Every structure is written in structure tokens, then in C-alpha cells.
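Residue numbers (the working numbering), protein chains in the order written: chain F, 18 to 315; chain Y, 199 to 649; chain E, 50 to 317.
These aren't lab readings, by the way, just hints derived from the structure by calculation.
Nothing here was measured: the structure is a model prediction, and the numbers come from that model.
Every residue, glycine too, gets a C-beta built ideally from N, C-alpha and C.
One or more hints might be untrue.
[Said to hold, decoys possible] Examples of chain Y residues toward chain F, derived with CB under 8 Å:
1) V285
2) G292
3) Q320
4) G475
5) Q476
6) E604
7) V605
8) E608
[Unchecked claim] Derived DSSO-like pairs (lysine-lysine); straight-line CA-CA distance at most 27 Å:
9) K269/Y to K108/E
10) K264/Y to K370/Y
11) K108/E to K264/Y
12) K283/Y to K257/Y
13) K108/E to K257/Y
14) K532/Y to K366/Y
15) K494/Y to K108/E
16) K318/Y to K625/Y
17) K283/Y to K108/E
18) K385/Y to K574/Y
19) K376/Y to K397/Y
20) K454/Y to K440/Y
21) K494/Y to K454/Y
22) K366/Y to K333/Y
23) K370/Y to K574/Y
Residue strings, one per chain:
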Amino acid sequence: MTRPSTGLAYGRWTPFWFLAPAVLALALIGLYPTLFALATSFRQYNLTRTRDGFPFVGFDNYVTVLTDPTFWQTLGRTGLFFLCVMPVEVALGLAAALLLHQTGLGMLRALARVSLVIPLATTYAVVGLLGRLIFNRDFGVANAGAAALGFGPIDWLGSPTGAFTAIAAMDVWQWTPFCALIFLSGLSMVPVEIEEAARLETGSKWALLSHVQSPYLWPGLTAMLILRSADVLKLFDSVFTMTRGGPGAATELISIYIQRVGFRVFDMGVASAQALLLLVLTIVLARLYIRFFYREID
Amino acid sequence: MLSLLRHVSAAAILMATATFAAAPAVAETWDIAKAAAPYKGTQLNVIFLDRPGYRAIIKLLPDFEKATGIKVNYEIVPYENTRQKEVLNFNGQGDLSIALVDLVWIGEFAENGWIAPIDKFQSDASITDPNLNLKGFFPLLLDAFGSWGGKVYGLPFDNYSGLLFYNKCELKAAGFDKPPATWAELKDVYAPKLTDKAKNQYGYALQSLRGETQSADSFMRVLWPQGGSLLDKTFHSNLMSKESQAGLTFRQDMMKYMPPGVVSWDHAEAVNGFAQGQVAMITEWSAFYPTLTDPKTSKIGDCLGVAPEPAGPAGRLPALGGFSLSVASGAPEKVQKAAWIFIQWATSDAIAKDYVEAGGVSGRTAIYEDPAIKAKYSFVEPMVASWQKGVPEFRPRFPAWPAISEVVAEFGSKIMLGEVSAEQGSKEIGTRMETILKKEGYYDGKKPLLQ
Amino acid sequence: MRRLLHALGLLAVFLFAVFPFYWMVSSSFKTQNDILASPPVWLFQPTLDNYRQVFADEKVTRAVLSSLIVAVCSTGLSLILATPAAYALARFEFRGKADLWFWFISNRFISPIVLALPIYIIARNLGLLDTHLVLILIYVTFILPIVVWIVTDFFRSIPRELEEAARLEGASQFAIFWRIYLPLGMPGIAVSAIFGFIFSWNELLYALVLTRRDVQTAPVVATSFMSGYEIPWGKIMATGTVIVLPVTVFALLVSRHMVRGLTMGATK
Numbered sequence: 018m019t020r021p022s023t024g025l026a027y028g029r030w031t032p033f034w035f036l037a038p039a040v041l042a043l044a045l046i047g048l049y050p051t052l053f054a055l056a057t058s059f060r061q062y063n064l065t066r067t068r069d070g071f072p073f074v075g076f077d078n079y080v081t082v083l084t085d086p087t088f089w090q091t092l093g094r095t096g097l098f099f100l101c102v103m104p105v106e107v108a109l110g111l112a113a114a115l116l117l118h119q120t121g122l123g124m125l126r127a128l129a130r131v132s133l134v135i136p137l138a139t140t141y142a143v144v145g146l147l148g149r150l151i152f153n154r155d156f157g158v159a160n161a162g163a164a165a166l167g168f169g170p171i172d173w174l175g176s177p178t179g180a181f182t183a184i185a186a187m188d189v190w191q192w193t194p195f196c197a198l199i200f201l202s203g204l205s206m207v208p209v210e211i212e213e214a215a216r217l218e219t220g221s222k223w224a225l226l227s228h229v230q231s232p233y234l235w236p237g238l239t240a241m242l243i244l245r246s247a248d249v250l251k252l253f254d255s256v257f258t259m260t261r262g263g264p265g266a267a268t269e270l271i272s273i274y275i276q277r278v279g280f281r282v283f284d285m286g287v288a289s290a291q292a293l294l295l296l297v298l299t300i301v302l303a304r305l306y307i308r309f310f311y312r313e314i315d
Numbered sequence: 199m200l201s202l203l204r205h206v207s208a209a210a211i212l213m214a215t216a217t218f219a220a221a222p223a224v225a226e227t228w229d230i231a232k233a234a235a236p237y238k239g240t241q242l243n244v245i246f247l248d249r250p251g252y253r254a255i256i257k258l259l260p261d262f263e264k265a266t267g268i269k270v271n272y273e274i275v276p277y278e279n280t281r282q283k284e285v286l287n288f289n290g291q292g293d294l295s296i297a298l299v300d301l302v303w304i305g306e307f308a309e310n311g312w313i314a315p316i317d318k319f320q321s322d323a324s325i326t327d328p329n330l331n332l333k334g335f336f337p338l339l340l341d342a343f344g345s346w347g348g349k350v351y352g353l354p355f356d357n358y359s360g361l362l363f364y365n366k367c368e369l370k371a372a373g374f375d376k377p378p379a380t381w382a383e384l385k386d387v388y389a390p391k392l393t394d395k396a397k398n399q400y401g402y403a404l405q406s407l408r409g410e411t412q413s414a415d416s417f418m419r420v421l422w423p424q425g426g427s428l429l430d431k432t433f434h435s436n437l438m439s440k441e442s443q444a445g446l447t448f449r450q451d452m453m454k455y456m457p458p459g460v461v462s463w464d465h466a467e468a469v470n471g472f473a474q475g476q477v478a479m480i481t482e483w484s485a486f487y488p489t490l491t492d493p494k495t496s497k498i499g500d501c502l503g504v505a506p507e508p509a510g511p512a513g514r515l516p517a518l519g520g521f522s523l524s525v526a527s528g529a530p531e532k533v534q535k536a537a538w539i540f541i542q543w544a545t546s547d548a549i550a551k552d553y554v555e556a557g558g559v560s561g562r563t564a565i566y567e568d569p570a571i572k573a574k575y576s577f578v579e580p581m582v583a584s585w586q587k588g589v590p591e592f593r594p595r596f597p598a599w600p601a602i603s604e605v606v607a608e609f610g611s612k613i614m615l616g617e618v619s620a621e622q623g624s625k626e627i628g629t630r631m632e633t634i635l636k637k638e639g640y641y642d643g644k645k646p647l648l649q
Numbered sequence: 050m051r052r053l054l055h056a057l058g059l060l061a062v063f064l065f066a067v068f069p070f071y072w073m074v075s076s077s078f079k080t081q082n083d084i085l086a087s088p089p090v091w092l093f094q095p096t097l098d099n100y101r102q103v104f105a106d107e108k109v110t111r112a113v114l115s116s117l118i119v120a121v122c123s124t125g126l127s128l129i130l131a132t133p134a135a136y137a138l139a140r141f142e143f144r145g146k147a148d149l150w151f152w153f154i155s156n157r158f159i160s161p162i163v164l165a166l167p168i169y170i171i172a173r174n175l176g177l178l179d180t181h182l183v184l185i186l187i188y189v190t191f192i193l194p195i196v197v198w199i200v201t202d203f204f205r206s207i208p209r210e211l212e213e214a215a216r217l218e219g220a221s222q223f224a225i226f227w228r229i230y231l232p233l234g235m236p237g238i239a240v241s242a243i244f245g246f247i248f249s250w251n252e253l254l255y256a257l258v259l260t261r262r263d264v265q266t267a268p269v270v271a272t273s274f275m276s277g278y279e280i281p282w283g284k285i286m287a288t289g290t291v292i293v294l295p296v297t298v299f300a301l302l303v304s305r306h307m308v309r310g311l312t313m314g315a316t317k
């Protein structure tokens with residue numbers, strides 16, 4: 018393997034100049050709001066109780082959050098949601114990427130590739146409304162399909178499991194293309210000659226995948242897991258429009274709960290504490306993903 | 199000179215009022231151009247919704263702007279985000295001049311000092327409409343939408359009542375030639391005959407989607423007519439009372455006459471179920487009348503019947519909802535006065551007819567005595583009847599309502615699903631609600647018990 | 050035979066991606082009675098009424114334009130800032146590199162709900178409310194990390210031999226970055242550009258909080274039709290369809306870069 022070049026190849030400050038613009042931009046725009054949120058989490062900060070002021074309360078908000086059963090329930094539910102949708106999205110995404118990577122059928126491939134953008138490009142609130150249309154018990158297409166297969170009408174949105182399935186289905190529809198496109202970009206990193214040679218050597222698709230292509234897919238998988246974890250913890254608009262978190266609490270994901278606390282009750286102190294705890298959780302998860310899945314390509 | 203003019207106009211008004219008699223229109227018009235002269239060129243910022251009442255006023259805005267030179271900048275925002283934007287604006291020294299206040303927000307806005315009471319402006323005759331006539335509003339509306347703690351903060355602008363929409367043809371086919379007058383009748387006599395599960399026909403549907411729909415439309419609606427309520431006189435939970443439990447049990451008993459999945463039905467689904475003929479009766483907001491009469495969105499046609507909501511043992515206490523317009527107290531003095539001029543104009547008798555014909559629902563009593571209006575819009579009579587007597591605190595309007603509404607929505611929906619019994623659910627709501635109210639300070643005597 | 054399977058597979062991908070979208074588009078041509086008809090209606094009398102409503106109100110076209118400006122600028126700016134950073138992370142060695150690389154992506158982790166208030170206050174104080182600039186700047190903070198992450202890995206996969214040759218000729222780091230890595234890294238850059246554009250296009254919370262009338266973006270306008278009582282299904286479906294189109298066009302333009310164009314073995 019080549020050794021990293023040092024000193025002679027580039028000046029000491031070269032990395033700095035390449036990195037500075039990006040780091041500066043992020044720090045300038047993103048740092049102050051995050052610090053504000055941190056400060057807020059240590060105060061009693063209710064926007065609709067301005068008369069009470071914003072006194073410092075130490076860790077009270079964090080204690081409130083950690084001893085709140087609803088917080089843990091919604092977090093658990095969100096975790097379950099993630100475990101349901103992620104494997105499906107990764108598997109389907111990989112399959113789609115492989116199909117799109119295989120040479121031949123240029124026109125059809127281009128068409129399929131562009132069509133993958135459509136689910137991602139649909140406004141989240143509209144996705145939620147579409148879900149309401151598709152999964153409606155009486156006029157929804159899902160039940161028309163079920164009827165064609167011989168099943169009676171399923172009350173998707175009115176039953177806890179049905180509603181959960183419905184939001185999972187819409188999420189899979191919207192985000193599988195995301196995974197597919199990342200995998201596709203990973204596949205296109207494989208050097209052509211190596212891939213060609215391997216294809217000629219072995220007819221087995223599986224061997225090709227596991228030996229030649231996979232090193233280029235692990236980084237993509239890691240990125241996917243991290244980004245989707247962060248996004249599922251922030252998932253709001255499509256679910257809210259479809260079910261408002263109901264029926265009962267069946268589809269109340271953590272972000273819907275935070276929105277309740279932060280934008281309905283306007284208790285920004287508690288909401289900030291929640292968000293920061295989730296930030297810590299995401300960082301921990303991301304670190305774990307990197308440790309288990311990330312392989313540097315070199 | 200000025201005072202002479204004022205005296206002359208006052209005399210004219212007296213004469214006009216004396217000859218008021220049967221004419222619904224007011225003879226004297228407010229010289230709004232004169233009142234607005236010092237504020238010409240002022241810009242007013244307000245948030246509007248994409249609803250008929252607002253579209254109607256937007257249509258009439260050019261008249262206002264031409265007469266006064268005051269420009270109204272409106273921003274259309276989804277309802278779910280309206281309070282968000284307003285609260286952020288008030289907290290961040292934003293520039294809203296007029297606050298759109300849902301009746302359940304008035305306690306919060308008033309107690310935080312975000313809206314100015316109108317007595318601040320009323321005393322100034324140069325900016326006040328001589329025909330302001332607060333008594334010309336339905337007292338219930340002025341009280342519920344615009345008042346808090348005995349003071350008036352805003353004027354009723356976008357007004358709704360819960361109404362019973364029923365399918366005349368389906369009722370007739372089942373042997374009924376008039377709508378149910380009481381809830382008991384609806385449940386025991388009408389619904390069984392109108393429900394046929396095999397044909398996917400149901401007697402009644404109550405929109406119950408988790409959220410404000412569940413807490414206001416579904417939960418509170420069944421409490422009041424039975425004599426129940428959310429809170430008792432000391433602001434403790436009244437949900438365990440016999441009457442409140444009767445209301446919740448009533449709703450559970452009704453489930454068998456309602457379409458499955460009604461717990462996930464929002465207004466859109468309920469109105470549509472009725473419009474497609476699947477459901478024979480719904481109790482929905484008056485604002486849906488246009489949707490139900492438009493052939494593009496409804497198959498009901500002439501079968502549509504409108505009546506006031508049924509009564510319960512405690513009387514007829516229909517759902518009440520609506521918005522008022524108030525002056526934002528964070529705005530500069532000049533802007534506040536211009537805002538006051540606009541608010542009076544928008545809710546005045548003078549433009550009421552144009553407003554109603556543009557699709558709005560005015561809060562003034564006079565316009566509804568016009569026989570032409572009564573004939574054209576068949577929802578007017580039941581709505582006016584519903585506004586004669588009602589509960590301003592149909593939903594408590596204090597600052598704690600949003601938090602309590604979330605609790606009610608969650609458990610109200612769980613009760614309907616059967617995940618908890620009505621009793622258990624009520625106990626849960628009661629405990630959580632009292633925790634919230636305790637934190638607010640209602641139990642240690644320091645805070646007046648206003649709702 | 051293999052071709053047939055391949056074709057069927059691609060077709061399945063296409064149908065999966067497109068079916069709900071098809072339902073949205075077909076609903077946009079239906080009257081409300083048809084949209085909400087039970088059982089669902091496949092053949093119907095199409096109507097242009099919804100589109101007429103959408104375009105009569107120039108709000109929608111203005112919103113699409115706003116979204117376009119914000120998306121193009123934020124994506125472009127992110128690409129300009131992020132690609133050099135990705136190169137540095139891929140090819141240079143320095144202390145704290147791994148942490149810095151992680152720090153980039155962690156900018157996407159925190160919930161926007163709690164950042165809305167401080168950002169609103171700052172924007173107000175700087176007079177940036179209801180401007181394109183404020184949205185562009187905010188969106189950069191979450192598009193930049195994605196570009197960095199995808200492109201860094203891409204750059205790492207480019208064989209070092211290419212670089213060695215150029216360096217022997219005395220090329221500067223920047224020249225190597227510009228002439229070798231950028232062109233070869235196009236597939237990764239293209240994908241991250243598409244993602245950046247889409248995330249900017251779809252972002253809702255900040256757009257709601259920070260815009261008013263002049264700069265309302267497409268998702269804000271689409272959701273403003275949900276007034277809380279009525280849902281104008283047809284109008285929203287039509288708006289949704291209109292909103293998807295520019296993104297699809299963008300993706301079309303960019304997607305040809307997503308396939309490997311240049312063979313990397315050329316300079317061996």
C-alpha cells in the first residue's frame with residue numbers, strides 16, 4: 018500500500034486552506050444556534066409564559082425528560098420503526114443499485130435511475146396526504162389491491178398496527194431510492210478493469226459482490242445508516258399529516274413528541290434537553306456504525 | 199371646525215338609528231378615509247388561513263386600501279403552524295400588527311400581554327367607528343372569541359358553529375321526516391335504522407383523529423350535552439362525575455353505528471363520508487356547507503339537510519369555534535391604531551353583506567335578519583339558533599389548553615380504540631391535567647380561575 | 050434470458066418508484082368526488098380544474114421559483130465549499146482528521162425544532178427574514194456534510210498512481226484536485242448534488258418559520274393549502290405534481306454524470 022505522503026508533497030498549511038471555507042461556514046452558521054439550544058436546556062424557557070422569566074434550573078429539564086415515560090415509549094417506538102424500515106430499504110436499495118449498475122439496456126436503466134428521484138422529491142406533507150389517500154379503508158388503493166388478492170378491507174389508519182405499517186410503507190417508498198443511489202455511487206467506484214476481470218473469471222454474482230464490489234459499499238452503508246438514523250429521529254411531516262401520531266399513540270414518533278413539547282406547549286427548555294439527549298444518542302449510534310461497518314477504501 | 203363636523207355626524211347617526219326599523223343596512227357610514235388619514239401609507243402585517251372567510255376579506259381588501267391608503271400584507275400559513283408563527287413572532291420582537299386569535303388561544307395571548315384590549319382604542323373617537331356597536335355582535339361570539347377576564351381584546355372575525363348535517367333522503371327512506379332533536383334519539387332511534395354494515399352504510403360518524411379534532415370535536419362534544427364538563431368550579435377534573443362518564447359511555451355506545459376507523463377520521467373524511475352517502479348524519483362545522491353543496495365535491499345535492507346539533511339532558515350545547523382579530527401590542531403605536539381601523543372595518547355591519555356574499559361568515563346579528571341571505575344559505579338559520587345560547591368555555595381558553603388538549607387527544611383516542619376504559623382514561627386525563635394546572639398556579643389561590 | 054430478467058427487474062424498480070406518484074398525478078386530474086370515491090376510480094373523466102386553480106394563484110409559480118433559487122444556490126455553494134474539504138480529508142494526513150470528518154456529519158443530527166427560535170432571532174436582527182439568503186445559508190449547513198461524506202469516500206477510491214504522475218510533473222495540490230480528482234469524482238459529486246438539491250427543495254420547518262410572503266418556498270405553499278378544516282385534495286395533488294417536476298429535470302441533467310464516464314486505468 019502506498020504510504021501517505023507528508024511534508025515534501027504539500028505545505029503545512031495546505032490542508033488548512035482546503036478545509037477552512039467549509040469549516041468556517043458550518044461553524045459560523047451552525048454553532049451559535051446549537052449553543053443557544055444548549056443554554057436553553059438549562060433554563061426554564063417557556064415561550065408562552067414570558068411573565069415567569071427564564072430562570073436557570075440546572076439539570077431539571079434533563080431529569081424531567083429522562084423520567085418521562087412518554088419519552089421512552091416514543092423513543093422505543095421510533096427505534097422499532099427504524100428496525101422495521103432500515104433492513105427493507107437497504108436490501109431493496111442494494112437490489113435496485115445492482116440492477117442499475119449492470120450494463121446493457123441503457124434507455125431503461127436511465128429511465129429507472131431518474132424515476133428513483135421522484136419519491137425523494139415529493140414534498141413530505143404531500144407524501145403524508147398520499148398515504149392517507151392510498152391507505153384509506155374505503156377509497157384507498159391499498160385495499161383495492163387487497164381485495165384483488167382476496168382479502169377483506171383492512172382498516173389501515175384506524176388500527177394501531179395498520180397505521181404503523183402504513184407509515185413504514187410510505188417511508189420505505191420515499192427512502193429506498195436514497196439507499197439505492199448511494200449504493201449505486203459506491204458501485205461506480207469499483208475500478209472497471211478489476212470488475213471486468215472478475216466477471217470473466219467467475220460467473221457467480223455473489224462472489225463478485227462479496228469480493229470485488231463490497232469494499233466499495235461499506236462506506237456507503239455506513240453513511241446510509243448514520244443519515245437514516247438521524248433522519249428517523251427527526252421524521253415528522255409525513256407521519257404527522259397522515260396520522261397525527263394516532264390512533265392512540267401508535268404512530269407517535271419521537272420527533273412528533275418533541276414538536277408537541279416545543280411548538281405546542283412551547284416548553285423550549287424541555288424540548289432542548291430532549292433534542293440534546295437525542296444528539297448524544299445519534300453520535301453514539303454513528304460511532305458504533307463506523308466501528309462495525311466502515312472500511313476505508315484504499 | 200372638526201368638532202362641528204363631529205356633532206353633525208353624531209346627529210346624523212342619531213337620526214339614522216331612529217329610522218333603523220326594518221332596514222338591515224345602516225344609514226350612516228363611517229368616514230373611514232378621514233379616520234385613517236394620519237395613518238396613510240402604514241403597512242399592516244397579519245397571518246391568514248386558506249379558508250373561505252379569509253378569501254372573502256382578501257377579495258374586499260382593495261376597497262379598504264383605496265379608501266384608507268393603509269396596506270394590508272397578509273401571509274397564508276397552514277393552520278397547524280399559525281400559533282407557532284405568532285408565538286415566535288411575539289417572542290422574537292417580530293412585526294405582526296394584527297393577531298389572528300383562535301378562541302382557545304385568547305387566554306394565553308391576553309395573559310402574556312401580546313394583544314391589546316380594545317378599550318385602549320375605543321375611547322379615541324378619531325379612530326373608532328361610530329357604528330362599532332359591540333352589541334351588534336352575537337354576545338356568545340364576542341364573549342367567547344374576543345374577551346378574556348372581562349375585557350374585550352378582539353372582534354369576532356371567522357365564526358363557526360357545530361351543526362347537524364343530515365341526509366334527508368336516507369332519513370326519509372328509513373321512515374324519518376325530520377332530524378333527531380336529542381342525542382338519545384339519534385343513538386337509540388335513528389342510528390340503528392340507518393346503519394347497515396353489509397351495505398357499508400352508517401348512521402353517524404364523529405370525526406376523532408388524534409389532535410384538536412379529538413379533543414374538541416369528539417371528546418368535548420359528548421361531554422357538555424350530557425351535563426358533564428372538563429373542569430369543576432375549583433378547576434379540578436370533573437371527568438369522573440356521573441354526567442361526564444355518561445357522555446363518554448354514550449360515545450362508546452355510538453361506535454357500533456359509526457364506520458370502522460372513525461378514530462382516524464379527520465374533518466375531511468367525515469365530510470366526505472357524508473358527501474358520498476356512506477354516512478347519514480354528521481355533526482360538523484358550519485364552514486363545510488359550501489363543500490357539501492358543491493356538486494364537484496359532494497354527491498348529496500338536494501338531499502342535504504341542516505339543523506342545529508341535537509340536545510342532551512343539559513340542553514343544546516353545540517361545538518363552538520372561531521377566530522377574532524386583535525391588535526398586536528408589540529407593534530408601534532401608529533401601526534396599532536391603523537390595525538384597529540382595519541379590524542373594525544373587517545367586522546363591521548357596513549361590509550357584512552359583501553362579506554357574506556364573498557363567502558365569509560359574519561359575526562353580526564343584523565345581516566342574518568335579511569330574508570335574502572336566509573333564503574340563499576340554508577345553514578344560516580340553524581347556525582343563528584346555535585349561537586343564541588352556548589358555552590364560551592366549550593374548550594377552556596386559558597393558556598394551559600394546548601398542553602391539556604394534547605393529553606385529552608391522546609387518551610380520548612385511546613378510549614375510543616378500547617385500549618383503556620372510559621374510566622381509566624378519564625382518571626389519567628384528570629391526573630395529568632391537574633398536574634399541569636397545579637404548575638400554572640390555579641390551586642394556590644393566586645391565579646383567578648378564568649377559562 | 051438474462052436480458053429479460055434484467056429488464057423485468059428494472060421495470061419493477063420503475064413501478065415501485067412511480068406508483069404512488071402515478072396516484073398523485075392521476076388524482077390531480079380528478080374531481081374531488083372521484084379522488085375520494087369508493088371503490089377507487091381508475092378510469093375517469095379528467096379535469097384541468099385543479100391545475101387552473103393552482104396556476105391562477107401566482108403564489109405557486111413564485112414559490113417554485115423561490116425554491117429553485119434557494120436549491121441551486123445552496124447546492125452550488127455547498128459543492129464549492131465541500132469538495133476541497135473532501136479532498137483534504139481523503140488525501141492529507143493531519144491530527145484530528147477522523148474527528149473533523151465526524152464533526153461534519155454531526156451537523157445533521159440535531160432537531161431543527163430547537164434551533165428554530167435562535168435562528169429566527171438572529172435572522173430578524175440581521176434583517177434577513179423572508180430573504181433567499183437566510184434559507185441558502187441554513188441549508189448549506191446540512192447539505193455540506195452530505196457532500197463531504199459521499200465525495201470523501203469517492204476521492205479515496207481514486208488510485209494514487211494518477212496523482213504521483215502529476216506530482217512528478219510539479220503540479221500543485223490544487224491543480225491535482227482540480228484536474229484529476231474533480232473530473233474523476235463526478236459520480237459522487239453528482240449524487241451528492243442531487244441529494245443536496247432534493248433536501249433543500251423539500252425542507253419545510255425553517256422555510257415556514259423564516260419566510261413570509263416574498264420567499265415562501267414550494268413546500269410551504271403546498272402545506273398552506275391545509276387550512277385545518279378542508280383539504281383541497283385535487284389542488285394539493287396538482288401542486289405536488291408541479292413541485293416534483295423541476296427536481297426531476299435537475300436529476301435528469303445531472304444523472305448522466307452518475308455513471309462512470311472515464312476509465313481510471315487510462316493513465317497507467
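Verification of the supplied hints:
The closest approach between the C-beta of V285/Y and any C-beta of chain F is roughly 5 Å, which is under the 8 Å cut-off, so the hint is satisfied. Checking G292/Y against chain F by beta carbon gives a least distance of about 12 Å; that is not within 8 Å, so the hint is violated. The interface hint given for Q320/Y is violated, since its Cβ lies 26 Å from the closest Cβ of chain F, which is over the 8 Å cut-off. For G475/Y, the interface hint is violated, the least distance from its beta-carbon to any beta-carbon of chain F being 12 Å, above 8 Å.
With a cut of 8 Å, the hint placing Q476/Y at the interface with chain F holds, because the nearest CB-to-CB distance is about 7 Å. Look at E604/Y: its Cβ gets to within about 6 Å of chain F, closer than 8 Å, so that hint holds up. Taken as an interface hint, V605/Y does not check out: its beta carbon lies about 10 Å from the nearest beta carbon of chain F, beyond 8 Å. At about 6 Å, the closest approach between the beta carbon of E608/Y and any beta carbon in chain F falls short of 8 Å, and the interface hint on this residue holds.
The suggested pairing of K269/Y with K108/E holds, with an alpha-carbon distance near 19 Å, which does not exceed 27 Å. For the hint linking K264/Y to K370/Y, the alpha-carbon distance of about 52 Å lies beyond 27 Å, and the restraint is violated. The straight-line distance between the Cα atoms of K108/E and K264/Y is roughly 23 Å, inside the 27 Å bound, and the hint therefore holds. Straight-line distance between C-alpha atoms of K283/Y and K257/Y comes to about 24 Å, which keeps the hinted pair within the 27 Å bound.
Of the pairs offered as hints, the one joining K108/E and K257/Y holds, with about 16 Å between alpha carbons and a cut-off of 27 Å not exceeded. For the given pair, K532/Y sits about 54 Å from K366/Y by alpha-carbon distance, which is inconsistent with the 27 Å threshold. At most 27 Å may separate the alpha-carbon atoms for a hinted pair to count; K494/Y and K108/E meet this at roughly 24 Å. With a C-alpha separation of about 44 Å, the suggested pair K318/Y and K625/Y falls outside the 27 Å cut-off, and the hint is violated.
At most 27 Å may separate the alpha-carbon atoms for a hinted pair to count; K283/Y and K108/E meet this at roughly 20 Å. A hinted pair counts as satisfied when its Cα atoms are at most 27 Å apart, and K385/Y with K574/Y does not qualify at roughly 31 Å. Between K376/Y and K397/Y, the direct Cα distance comes to roughly 23 Å. Compliance with the 27 Å bound is thereby established for this hinted pair. At roughly 23 Å between alpha-carbon atoms, K454/Y and K440/Y fall within 27 Å of each other, so this suggested pair holds.
Restraint check: the Cα-Cα separation between K494/Y and K454/Y comes to about 31 Å, which exceeds 27 Å; the hinted pair is violated. With a C-alpha separation of about 36 Å, the suggested pair K366/Y and K333/Y falls outside the 27 Å cut-off, and the hint is violated. With a CA separation close to 24 Å, the supplied pair K370/Y and K574/Y stays within the 27 Å bound.
Checked against the numbered hints above, the structure violates hints 2, 3, 4, 7, 10, 14, 16, 18, 21 and 22; every other hint is satisfied.
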